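Student: Residues per chain, in single letters:
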Amino acid sequence: MTTHYLVLSALLFAIGAVGVLVRRNAIVIFMCVELMLNACNLAFVTFARQHGNLDGQLIAFFVMVVAAAEVVVGLAIIVTIFRTRRSSSVDDANLLKY
Amino acid sequence: MNAIRVLAAPEPALPNVQSFGHDPLWITIIKAVAIFVFLLLSVMYGVWMERKLISRMQHRYGPNRAGKFGLLQSIADALKMGFKEDLYPNKVDRFLYAIAPVILVVPAFMAFSVIPFGPTVSMFGEQTPLQLTDLPIAVLFVLAMASIGVYGIVLAGWSSRSPYAVLGGLRSSAQVVSYEIAMGLSFVGVFLFAGTLSTSEIVAKQASGGTWEVLGLSIPMPSWYVVMLIPSFLIYAITMLGETNRVPFDLPEGEGELVGGYQTEYSSSLKFALIQMGEYVNVFVVSAVSITLFFGGWRAPWPISLWEGANVGYWPLLWFFIKLVLVFGGFIWVRASMPRIRYDQLMAFGWKVLIPLNLAWIMLVATVRAFRIEGADRTALFTIAALVVVGCLVLFFRFDTVLQRRRETRAEELKQEFELLEEQPAAGGYPVPPLDLPHYHGADRKEISSGIH
Amino acid sequence: MELYVPILVLAVLAAGFAIFSLTIAPFTGPKRWNRAKLDAYECGIEPTPQPVGGGRFPLKYMITAMLFIVFDIEIIFLYPWAVAFDALGVFGLIEMLLFIVTVLVAYAYVWRRKGLDWD
Amino acid sequence: MNGIQPPTIEYGQLSPLLLVFGAAIIGVLIEALAPRYLRKSLQMPVTLLGLVGSFALVLTVVMQGVPTKAAAEGAIAVDGPALFIWGVILILALISVLLINDDNEFVASAAAVPGTPEEEDAIAAGGAHTEIYPLALFAIGGMMLFASANDLLIMFVALEVMSLPLYLLCGLARRRRLLSQEASVKYFLLGAFSSAFFLYGMALVYGFAGTVSLAGINDALGSVGGQNTLLLIGTGMLGVGLLFKIGAAPFQAWKPDVYQGAPTPITALMASGTLVAAFGAVLRVFWVALGNLDWDWRPVMWGVAILTMVAGAVLAITQTDIKRMLAYSSIAHAGFLLTGVIATGAEAQNALSLKGILFYLVAYGITTVGAFAVVTMVRDAGGEAGHLSRWAGLGKRSPALAGVFAFFLLAFAGIPLTSGFFGKYAVFAAAVAGGAVPLVIVGVVSSAVAAFFYVRVIVLMFFSEPAPDGPTIAVPSVGTAGVVAIAAAATVVLGIYPEPVLRLAEDAASTLFIR
Amino acid sequence: MPWLPILIAAPVLGAVGVAALPKGSDKAAKQLALAVSLVVLALTLAMAFQFPLESGKRFAFEQTYSWIPSFGVNFGVGVDGIALVMIALSAVLVPIVILASWHDADGTGAENPPKRSVKTYFSLLLVLEAMMIGVFAATDVFLFYVFFEAMLIPMYFMIGSYGGAQRSYAAVKFLLYSLFGGLLMLVAVIALYVTAGKNTFMFPELVGAVTDPGVQKWLFLGFFIAFAIKAPLWPFHTWLPDAAAQAPAGAAVLLVGVLDKVGTYGMLRLCLELFPDAAKSFTPLVIILSVIGIVYGAIVAIGQTDMKRLIAYTSISHFGFIAMGVFAMTSNAQAGATLYMVNHGFSTGALFLIAGFLIYRRGSARIDDYGGVQKIAPVLAGTFLVSGLSGLALPGLSSFVSEFMVLIGTYQRDEVLFVTSAIIGTTGVILAAIYILWMYKRVANGPTAESVSGMKDLNGREKLVIAPLLVLIIGLGFYPKPVLDVINPAVQHTLTSVGVKEQPPVAGVGQANEKGAGN
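Residue numbers (the numbering used here), protein chains in the order written: chain A, 1 to 98; chain B, 99 to 551; chain C, 552 to 670; chain D, 671 to 1185; chain E, 1186 to 1704.
You may find that some hints are simply not true.
To be verified - Cross-link-like lysine to aspartate or glutamate pairs, in silico, EDC-like; alpha carbons within 16 Å at most:
1. C:K665 to B:E183
2. C:K611 to B:D442
3. C:K588 to B:E183
4. E:K1626 to E:D1554
Hint data in this document are derived by calculation from the structure and do not stem from the laboratory.
Computed from a predicted model, the values in this text were never measured in an experiment.
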């Protein structure tokens, strides 16, 4: 039973990861990261059920908090650069190179 | 602990979370359809009631043509909307534009599935509670549904591709989420007392208030949480209005500012009807939640509750319905009597008043409640209580005085600036003609075309 | 899981009704093409062209969204605490007090930096 | 009472952490309540007091005897290495904060768009954001927690507490705002990406072990059969998250960008503190939790270490910006440190490796802060003169400063009689004892390559003629001068008589990590 | 009396003192530096006279202080005969170099190099002296390594800041080559410590500690490559001509005269004694490299157009001899090699200094820019000739003795390889005659070149610089016994450690033996 959830979570994680790598808009990348975090949450809750302990659910709580903090910080940063550059594409952000 | 037990002792046979999930499917379907139909009818007659009541309050008749007392007015309206042109304005994102009303309305319906209407009854031979289902996190579920509703608002505004709609959508969603926080916080007091998030159990906990042993006397405590948690309820009542975009918080429909808000482009037709329906269902949801959490749910009020049979069988449906009508009546009453407030006032009220007040209240309730725990360190508790109270006061005065001072300084600055400008008009850095320069009308000069027009 | 089946039933009913209304609307209503009718409504003036992708939101709403997230998370912590309050006792009270005070510190900061003001 | 026992929390042991976080919260309060002109004069003492007090508390904990049991219900391990790392982080933080005190490095108003009147107004109004102090304190607290987390969940939380303020701080440079903001965005996006990996790895390990406590995972390695795939993938993903933080190849790409873009004092804090903390965490995860899995992770770690050393050393050669060069050097150093992480074995061997790593971290950290402090002082019209060509002839212009910087560079290169040499020696000696001789050979070869670009800077500074419009040397503030002096002194002392610190590291390492 | 710590500390203190002088006191800096170096020389001589010739102990003047017990590192110093003569060599050369470099940093040379910090130059020189003494005195392998590496830095700055046009390239090349070798050695040092398992780096303890032949070979290679780079042995030599040519003359003297000897000294002391088996199995390889070095260095030297490069290449050739002597593992050869290290220091030192004087006057190092110096500046040309002849090992001059001993010693091994090597090595002597005499001819003989017509002869200071060197060259050429007396016991110790049984002397070389070694 739990396998389905794990597969779903892996899928979500993979979608998020691919999104981060493929997409060029900072906000979209950022959303993909959030997707990955939520995929983790799903995995945690699933494993918690599988193991019959509450640790996983507890962790999910913490992850939510962290994700929220990340959202706040991330949006702040992205908005700042967006205001500066009038674009949130990371391709435009190219002052830094190897 | 015993005190808690007494307080929490449910009547036997009252439904709790364990009572759910055993219904055969057909019972479930019956209950679901019943709720659905009930809501449809409620919306229809809710609209009618609102129009009628508000007219009466404003010395008008209100709808009185279609059917007796205008009772069929809503049906007429619905039919009219059904036969109007289904518009898709030019630039809209068609899919989202169409789906937004659905997103708005479906969660509103779903939220009703955890509202308890009555105790366990025998329905076609099956013992089943008068409640579609209950969850260990039922109240959270209601909040979640309310949050999903916000997506409907945002998407409706955003997909319309119209400045008014976009701004209206943003404003309503900002408003809804802001008030959702205050709303969520106002529930905490209830949970502190009930010790559960399940709606049926919260209702059960309100069966009796227990007794408070003081000086050998057994004083019966009031059983509805509205009594003990009146600040929570008041805040909730305010957030109800804010959450459902009702007067005095109906900013999205502030015609003077935003025309119709996020629904501007939903000019008529069934999509508009769906949005309206969603809003009304939301009103019923928050009303039903208020009844469940603060007014004892389906339980009969005090004088009636003395009757043995008041809280068994299908009777509670009636009590619930009456309560619902009364709360909804409150909505209308407010609408009739309050002006709309400004958006900044609205947000400031939500963020700067409701939330801190709520938090302080929660801590106070928790501290007081902790006194009932055996073996608790009273000194620590008193300290905490004192801290909470003093902290609130200090914060309040600090902010109050600071604000006051800042206002005064600002006023002073402005005054000085004006004085300066009056003396030296060029002080602002821009070449300004002196104010007492004789006004030149140019009557005797020929106008020269600038070539622009 | 069984607890959620009824919700699903109700959701199906509601969604069915809503989608039914949507699908039936084009057939029941008339169709009269009118250019002005299909323009975005802007109190009679020419509609402002809206950029593809919906354009930009005022920053203010972002801040509201961020604050909402922060406080929503706080609520998430308050609920289990409230439910388990009797079991947690004074320890829980103190912990929650610390937590709320911490959040209030941030709240005071936001307040003072005019994060809660609208113009 | 039904059920829940209040957890026991060893406030005494955790007091250094609590003090730092408390100071950070007080900092936020100051931001909220104090008027603008007072803020800086309030923030600085609070920050310094917090750090110094925390250091004193660390000492007290040490005096009272290093705890043998994890604190806070096993969530935080205040053991020898943790206390040592706390001390190191606090010292590094303290001297970095002295650098941060320099207003000229930080933006006056982060929200103002560069080149707008608002920004000009903000600059004219003077001062910088004072939020940097509480932010830095939060980051420092996060670092300390990160290095002492005995439980993956705490580690994850600490990771974020450490990173999030740093993401913000990175975007606050006063000059080259776009660069700084880009650094911030890049750091944030990549950092969030990597922490998602860490989290998923954690989920998988939890799925395998049923617990996230490091000790529990270690126990489960023995008892749980099957599901090895979960464990291996989980370990890999945990590794990605951790290696990202230490900037090991192939997860090093953020480092040069971020180091270059961030305000230099923040770069100093990151380059020293974060690295120290991240190594603490890496050691805990791979030694405490996955110690019995070393046959599986060691080969991969070999590859990572080699790649990191080589990439850091080789890519640094092509750099033309001093901060980027230092970033690549930091990558190379992370590689050297990894050789110590790999060299596990019996308990004595572990203690040896740990000792080496701890000493290396001290030596490298202090020198790094010093080097970045020097970077802040070399300025031209546009702020810091980052481009290497601008450094030409600095030795003629300002022999003392250039000399100190050259000395730091020699320490990075690991020339004897500098702290860097003993650091490198300690780690390599442990690695050789642990049987990682090929790794050490790669290490020394890349040290030689790395020496090339350090020497190149020295050549530029001393053997080239100064450009006529070359950068000026800012008259250092007391803080900056102090930082340079402290770092130089530490580099010398640790290079000539490292015994006391080595002894400390040995004592700290001798107990190893408690489970 | 803790002679050696004092010897190491004195120049360091002197360097600090020089650096601490107030700005503008260039002259005082020079004088102070000279004074310090003379004090060091005096101390060294005092120590040398107390050196017990027949004590039978491995090291004299041993001092051991605990330095970093965590690593098992001691500040252990002590000298045997070999180290003593090397220290003496350094102590003698430094004052000479200081005197010779009197104006190197002033910016008054013919080339008009920019004025640079005089204080820094002389304090670097003194630091370098401390390091050189330290490296020879160290009886702790780790301490040896520390000095070995730290030595690079002052030399690096001397080349890079005070050298010729290509100085920064040369300095970097020098540093990187040495550093690379040093780092390999570091690995070997660590591995030595680990495999020996004695928890100490003290040299006497480590002798014979590593027995596994495989491990020995690897460790030997680690050390050997470092020393071969330092020495420099073919094919690790490419940095030397650049570094020596670009370094200021004084620095070049110390670089080639002393610094590079650390390589051969290290081979003799560390490679051989610590890893005798490995040393034996690598002997053929090293001998072949040495022979190649001898011939290659000499041939390439012939083709040089730059005086300092030419001298540098001759040194490569000479280092081939020294390495050959070390690895021939006979008492004659090793004693000869050790003696050669000293003699080479003096003769090459003299050559570099005189070349430096020429360059200082003419402003060019190109041989073609000179001609007929003999007529203009006879003393200069004369000293040039003498030191050149010492370089080509003319009998009666010091190098001859050592070169002869090395060749004989190698020949004594009586194996095809060694005999062949000795014979080929002998051609090096002939080639040496070509490059030295040809250079001399081009510089000093022939018609006077226009550009050298105003050349001044040696002044008093310069004569003072050259005189002691010439005295030593000639003196040691005729009477090397005191030095050999000091060296021989140490060589015997080494050979015992290596476990070589002396082969019976081949008939016909007894005379040379008698003249040379006196044993």
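Student: Report the numbers of all earlier hints that the structure fails to satisfy, in ascending order.
Tutor: Checked against the structure, the only hint that fails is number 1, while the rest are satisfied.
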